[in-house]
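Chains A and B, in that order, give the protein sequences.
In case it helps, the working numbering puts the first sequence at residues 47 to 297.
In case it helps, the working numbering puts the second sequence at residues 5 to 229.
Derived from the structure by calculation, the hints contain no laboratory data.
Incorrect hints may have been included.
Said to hold, decoys possible - What follows is a set of in silico ranges between Cβ atoms, one per label pair, in the way DEER data are often shown:
id	chain 1	residue 1	chain 2	residue 2	range
1	A	126	B	225	21 to 31 angstroms
2	A	204	B	78	21 to 31 angstroms
3	B	91	A	176	25 to 35 angstroms
4	A	289	B	78	57 to 67 angstroms
5	A	107	B	9	52 to 62 angstroms
6	B	28	A	139	18 to 28 angstroms
Claimed, not checked - Away from chain A, derived, C-beta distances all over 10 angstroms, residues of chain B:
id	residue
7	5
8	152
9	173
10	226
Built from N, CA and C at the ideal position, the CB exists for glycine as well.
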Amino acid sequence: MTAMSDLTASQRLQAFANPARFMALSDRLLPACAVVTCLLLAAGLYLSLFVSPADYQQGETVRIMYIHVPSAWLAMFGYMVMAGASAVALVFRHPLADIAAKSAAPIGAAFTFLALVTGSLWGRPMWGTWWVWDARLTSMLILFFLYLGYMALWATIEEPVRAGRAAAVLALVGSINVPIIHYSVVWWNTLHQPASVFRIDGPAIASSMLMPLGVMALGFTLFFVTLLLVRMRAEIFRRRVRVLRLARTER
Amino acid sequence: MMRAFHMLVARDTRLAIRVGGGAGMAVFFFLTVVSIVPLGIGPNLKLLASIAPGMLWVALLLSALLTLDRLFQADYEDGSLDLLMTGALPLEFVAAAKAFSHWLTTGLPLVVAAPLLGLLLNLDTEDFGPLVLAMLVGTPALSFLGGIGAALTVSIRRGGLLASLLVIPFYIPVLIFGVGAAGGGGVSAVPGAGGQSLLLLGAVSLVSLVLGPVASAAALRANLR
Numbered sequence: 047m048t049a050m051s052d053l054t055a056s057q058r059l060q061a062f063a064n065p066a067r068f069m070a071l072s073d074r075l076l077p078a079c080a081v082v083t084c085l086l087l088a089a090g091l092y093l094s095l096f097v098s099p100a101d102y103q104q105g106e107t108v109r110i111m112y113i114h115v116p117s118a119w120l121a122m123f124g125y126m127v128m129a130g131a132s133a134v135a136l137v138f139r140h141p142l143a144d145i146a147a148k149s150a151a152p153i154g155a156a157f158t159f160l161a162l163v164t165g166s167l168w169g170r171p172m173w174g175t176w177w178v179w180d181a182r183l184t185s186m187l188i189l190f191f192l193y194l195g196y197m198a199l200w201a202t203i204e205e206p207v208r209a210g211r212a213a214a215v216l217a218l219v220g221s222i223n224v225p226i227i228h229y230s231v232v233w234w235n236t237l238h239q240p241a242s243v244f245r246i247d248g249p250a251i252a253s254s255m256l257m258p259l260g261v262m263a264l265g266f267t268l269f270f271v272t273l274l275l276v277r278m279r280a281e282i283f284r285r286r287v288r289v290l291r292l293a294r295t296e297r
Numbered sequence: 005m006m007r008a009f010h011m012l013v014a015r016d017t018r019l020a021i022r023v024g025g026g027a028g029m030a031v032f033f034f035l036t037v038v039s040i041v042p043l044g045i046g047p048n049l050k051l052l053a054s055i056a057p058g059m060l061w062v063a064l065l066l067s068a069l070l071t072l073d074r075l076f077q078a079d080y081e082d083g084s085l086d087l088l089m090t091g092a093l094p095l096e097f098v099a100a101a102k103a104f105s106h107w108l109t110t111g112l113p114l115v116v117a118a119p120l121l122g123l124l125l126n127l128d129t130e131d132f133g134p135l136v137l138a139m140l141v142g143t144p145a146l147s148f149l150g151g152i153g154a155a156l157t158v159s160i161r162r163g164g165l166l167a168s169l170l171v172i173p174f175y176i177p178v179l180i181f182g183v184g185a186a187g188g189g190g191v192s193a194v195p196g197a198g199g200q201s202l203l204l205l206g207a208v209s210l211v212s213l214v215l216g217p218v219a220s221a222a223a224l225r226a227n228l229r
């Protein structure tokens, strides 16, 4: 292996395009990622469930936030990963980017779903209803639909390369549209709902709550990375199996 | 190049008008959706009048979605899409021409039909102007954004349903600003919001005019390698 410093940036990018090298690298990275994720999540859960104080207005329900907020972050982070990987796949024809985009989608969708469910669970005692057509809820729901559409497109087109290109176009169009959709929903919401939903966001989050939130966010992000690596490896194996199967039927 | 563009628009428009199941079908669907709304909600005229702009927009959206698979599917199946791809006209322009003729044969008839259907929903007569204006501004976005969905699913048999699923999230801004500009949804509480909605709707339409053909062309290339 040549020294990495001798290569140009694009050559370095190409070096990681080799799936075999990715497999070797991810094989070494994965256990470390998993262990750190577990430690961080355990610490974060302990901090948020036992150490942090209950909110004086929201009571114990505030603890849902330690799950809800990182989930919502990762829902958006997942889409960014997906769109970024799609752009790389479309422009540089980087084979791993294709796989990364495909693998990120279900994880992002799961976090979006988690954010919606935890938000709903929090909303029941706080707002008195499971669902409100609040701007954030609505745009999260639409984000969920975008994820589902992306996954449906991958599932329906059989040939991986063709499906990858089409899905990448969809992800990029979506990434342009997400801000427009979000803004339009905010606009719609201010027209329809005159401040019926009161927001309890104090002047600033107390540090006793910020600390567990930070740990949880970090843990969730690493959890995302771990899952992404696992899914990417599975996808590479799946494609190998597919190629082998095709080769066998041709024989 | 402009000549080729015009030729393509004329060809697609003629095809859509002469071949059955085209524009007339979308308008008919529009009519049926609007007429089942009172059956579901009840004949309360006051309630119907208040939901009329929103219902008309939703029904318009559904009718536009229904016709999306006509956009590229037939040309894909008989091979003329391959010819168009190898032709001198850039694929972006092909996509734009097809979306434009889709608007001429679907969007425009639906807009013309909308005030008549507004009568069925007891829409206030002074709201007709804003509604038609908003629909005129908004419907091109439906065709051009819908083109993306149609192009993405062109190689899938019976891709119409999937195309609808993919496209509906992109239609949401059109729906929101469209209803706002048409005077629905308690806009009277915010003075001047209708005009702002109309401007924003125009902006969405203009963006889709650029985004639609570029993305559709990329999707077609991905599907027709």
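Taking the hints in turn, this is what the structure says about them:
1. Against the hinted window of 21 to 31 angstroms, the Cβ-Cβ separation of residue 126/A and residue 225/B comes to about 25 angstroms, which satisfies the hint.
2. A hinted range of 21 to 31 angstroms for the beta carbons of residue 204/A and residue 78/B is consistent with their spacing of about 22 angstroms.
3. In this structure the supplied range 25 to 35 angstroms is violated for residue 91/B paired with residue 176/A, their Cβ-Cβ distance being about 55 angstroms.
4. Separated by about 34 angstroms at the C-beta atoms, residue 289/A and residue 78/B break the suggested range of 57 to 67 angstroms.
5. At roughly 60 angstroms, the beta-carbon separation of residue 107/A and residue 9/B lies within the given 52 to 62 angstroms, and the hint holds.
6. At roughly 44 angstroms, the beta carbons of residue 28/B and residue 139/A sit outside the given window of 18 to 28 angstroms.
7. The Cβ of residue 5/B lies farther than 10 angstroms from every Cβ of chain A, with a closest approach of about 24 angstroms, so its non-interface assignment holds.
8. With 10 angstroms as the threshold on Cβ separation, the claim that residue 152/B sits away from chain A is violated: the shortest Cβ distance comes to roughly 6 angstroms.
9. The claim that residue 173/B is not at the interface with chain A is violated, since a C-beta of that chain comes within 10 angstroms of its own (minimum 5 angstroms).
10. For residue 226/B, the condition that its CB be more than 10 angstroms from all CB atoms of chain A is violated, with the nearest at approximately 3 angstroms.
Hint violations for this structure: numbers 3, 4, 6, 8, 9, 10, all remaining hints satisfied.
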